Amino acid sequence: MDISDAQLNESSPFNERAKLQENILEVNNIEVVYNDIVQVLRGVSLHVAKGTIVALLGTNGAGKTTALRAISGLLKPENGAIKEGYIKFLGKDITNKLGTEIVRHGAVMVPEGRRVFKHLTVSENIKVGSITRRDGSEKINDDYQLMYRHFPRLANITNRMAGYSSGGEQQMIAIARALMAAPEMLMLDEPSLGLAPLLVKEIFDNIVQINRVVGTTILVVEQNAKIALEIADYAYIMESGRIVLEGAAEDLKNNPDVKEFYLGVTKGGGRKSFKDIKSYKRRKRWM
Amino acid sequence: MKIIRFFLTKCSGDRYIAMSYFFQIVISGVVVGSIYALAALGLVLVYKSSRVANFAHGQIIAAGAFITYALTVWASIPVYISFVLSMLITFCLAWSVERIFLRRLIGEPIISVIMVTIGLASILDGLIYLTPFGTENFSFPSFFPQEPIMVGGVSISWTQLVGVIITFILIGGFSWFFKKSTVGISMRAVSDDQFASMSVGISVPGVFGLAWATAGLSAAAAGCIIGNITGLNFDTLHSFGIVVFPVVILGGLDSILGAVVAGIIMGLIQQFAGGYIDGNWGLNGTGEVLPYIILLIILLIKPHGLFGIHEIERV
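Protein chains in written order, with UniProt numbering: chain A, 1 to 287; chain B, 1 to 315.
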């Protein structure tokens, strides 16, 4: 029984990829149920290789945020739980573990909508991210200084109440706060949400820089498929609680379906206007 | 003290007496006010992190005072040690209260948690009535010289002086803790955004437990100091839990500085009303009423209290 299972897994495409690269995160066939009745994820599997940037794309309500919360142990506040499958991070089983423990293991999430501590100053926001660390104040202080090198904009507003800073600055604060936990893997939930295109570019540049310089593995959830595929090495596309497509970011960028549905480009190569896809959308809604 | 002496040397005769009377009232206002502030601190700590008004706070204050008395008089432990010991015991006591009764209520509506604290107050009442403290009055043996310190015509007793000093040390310590230490900042973070706190790995139940425990610690200190000044009467002590509510509201519910300033304002108003208005123009008991009238007026002008935080709204 065990042997046949192992043999079965041996031949699966996941394991072949796993052999090539060391996976830092392994999500295996998880099902997430809210309030014991609403099933949001239906057998989601994904793998994140160490040191890479992986994007998880999809439309509203596809279950991207739920997947991220399942990994970071933050389903409880919403009354959700992983009912099937398992999640392994750095070889340890973290299925349904508490958020605090998962941060300690080295996986930190930047929540959707930034969620900075509005009534704390910028420097307090960043400092509090180190709460789970036990490696001495010297290292923490070094990392704290490093944050201002990653995000020079924040160096000028250290004493400002975080709630009064701009959307882009708040996103930077939230990322810096998460990085203060010295994570092995950083998860970002919609970092582009509500930001001007130029700022989105700046934030994504920062993310790439952190990946290159610090070596932090990054898992980013995005609706903005275009920019996410630009920085990602590998990507998954979700729809109604399932992974429907996955592949190297380069391949996905050239995939005709992805082009049409997520990048707004038709087969002819020109941009499609909203007028043309409207009928399709309406039909889809009635189905 | 020097300022008082300076002013007093300028005066003579009737004016001298009037001035020393004035300073006497200022001093006792500050003493009463700082004790209010210390008693209010516990309420602020709990409210700050969990948005819960703790109606059992007065009982915890009383328990702290009684534990100190029991340790000092019955177990004859030196007062310095028993003071610290009782703070530690109440720290653990309040932490276990949170652990046993309130932990399972996290995520429930805040009003249910408040109802639980009211129930808790009754339970603690019942428990304390089982001990001799519930019905009898005790008073601490005097630890300090009996004769008050006299500056000109103004007197302050050693007990009051030491009480005020301890109060300010504790309040300073707590302010530092919340401003500078990562754990203190994390407690403020939880009051700001619980979900975000969890995402950076702050243990929200842990923070609630710690808030209750530190509130217990400050309540024990307050109870001890009050008990030393007024004597150990259960009714007086546990009513402090309610008396300080206006102080907390005036200060803005979640600000330590607010509690201190509001406490001293309330103490001064009370003493001045008692010292100058009572007995004149056929008025009596204004000391009890005037603070509330002023409280209402200030809240009309500043609805968030003196130092309360405004919600930051950005779109």
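Since the hints were made in silico from the structure, they are not lab data. These numbers come from a predicted model, not from an experiment. A hint or two may mislead.
[To be verified] Some chain A residues well away from chain B (every beta-carbon gap over 10 Å; in silico):
#1 Asn35
#2 Leu74
#3 Asn96
#4 Glu124
#5 Gly129
#6 Ala155
#7 Ala178
#8 Leu199
#9 Asp205
[Unchecked claim] Pairs of lysine to aspartate or glutamate residues, derived as DMTMM-like cross-links and limited to a Cα-Cα distance of at most 20 Å, are as follows:
#10 B:Lys180 <-> A:Asp142
#11 B:Lys180 <-> A:Glu138
#12 A:Lys50 <-> A:Glu250
#13 B:Lys180 <-> A:Asp143
#14 A:Lys50 <-> A:Glu31
[As the list claims (entries may be wrong)] Example chain A residues on the side facing chain B (calculated, C-beta under 7 Å, incomplete):
#15 Arg115
#16 Thr121
#17 Thr132
#18 Asn141
#19 Tyr144
Think of the CB as a built atom: it goes at the ideal place given N, C-alpha and C, for glycine as much as any other residue.
If you check each hint against the structure, which ones fail? 2, 4, 5, 7, 14, 16, 18 and 19
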